[in-house]
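Colleague: Mapping to the UniProt record's numbering: the sequence shown position 58 is 58, numbers consecutive.
Don't read these hints as lab results, they were simulated from the structure.
Just so it is clear, CB atoms sit at the ideal spot from N, CA and C, and this is done for glycine as well.
Some hints here could point you the wrong way.
To be verified - Derived CB-CB ranges, DEER-like:
no., residue 1, residue 2, range
1, ILE84, LYS26, 56 to 62 Å
2, ALA68, LEU97, 28 to 34 Å
3, HIS48, VAL100, 34 to 40 Å
4, PRO20, LYS79, 45 to 51 Å
5, LYS73, SER93, 38 to 44 Å
Stated by the list, open to error - Each computed DSSO-like pair below joins lysine-lysine, with the alpha-carbon atoms no more than 30 Å apart:
no., residue 1, residue 2
6, LYS57, LYS73
7, LYS44, LYS60
8, LYS44, LYS26
9, LYS26, LYS60
10, LYS26, LYS57
11, LYS44, LYS73
12, LYS44, LYS57
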Amino acid sequence: MPEIPPTTGNGTILCDVYTPPSLRCKVFSSLHNLSHPGGRATDKLVSHRFVWSGMHKDLKAWTRACPACQWSKVQRHNKAPIGIFPCPDARFSHVHLDIVCPATV
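Build out the structure end to end from the sequences listed, making use of the hints.
Modeller: In structure tokens form, the structure reads like this:
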């Protein structure tokens with residue numbers, strides 16, 4: 001931010017670019033759609049360059065609503081219990097598979 005000397009009083013006034021409501025979604029899209037970095041990283045990217053009231057709330061909502069982010073988001077990690085399996089008598093008499101669901105095509 002550029003420093004502007006105050007005309008009255010002492011101290012420094014810091015200026016930043018205020019983003020009008022008509023451009024906010026475009027700002028979000030141009031920075032977030034580069035790599036879909038997630039909520040915190042998008043907030044950091046946008047807040048270093050732009051400012052508007054309610055910015056953090058808007059960015060959080062838009063990131064949560066991003067279809068590409070939701071498509072690749074891992075909701076939870078399922079952990080299978082550790083099992084003890086007997087040694088098979090012959091080759092391929094037992095086959096163990098790891099199945100990941102839901103399987104999408």
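Colleague: Each hint: holds or not?
Modeller: Cross-check of the supplied hints:
{"no.": "1", "hint": "ILE84 / LYS26: 56 to 62 Å", "in the structure": "holds (58 Å)"}
{"no.": "2", "hint": "ALA68 / LEU97: 28 to 34 Å", "in the structure": "holds (30 Å)"}
{"no.": "3", "hint": "HIS48 / VAL100: 34 to 40 Å", "in the structure": "holds (38 Å)"}
{"no.": "4", "hint": "PRO20 / LYS79: 45 to 51 Å", "in the structure": "holds (48 Å)"}
{"no.": "5", "hint": "LYS73 / SER93: 38 to 44 Å", "in the structure": "holds (40 Å)"}
{"no.": "6", "hint": "LYS57 / LYS73", "in the structure": "holds (20 Å)"}
{"no.": "7", "hint": "LYS44 / LYS60", "in the structure": "holds (11 Å)"}
{"no.": "8", "hint": "LYS44 / LYS26", "in the structure": "holds (16 Å)"}
{"no.": "9", "hint": "LYS26 / LYS60", "in the structure": "holds (15 Å)"}
{"no.": "10", "hint": "LYS26 / LYS57", "in the structure": "holds (16 Å)"}
{"no.": "11", "hint": "LYS44 / LYS73", "in the structure": "holds (20 Å)"}
{"no.": "12", "hint": "LYS44 / LYS57", "in the structure": "holds (13 Å)"}
Going through the hint list in order, the structure satisfies each hint without exception.
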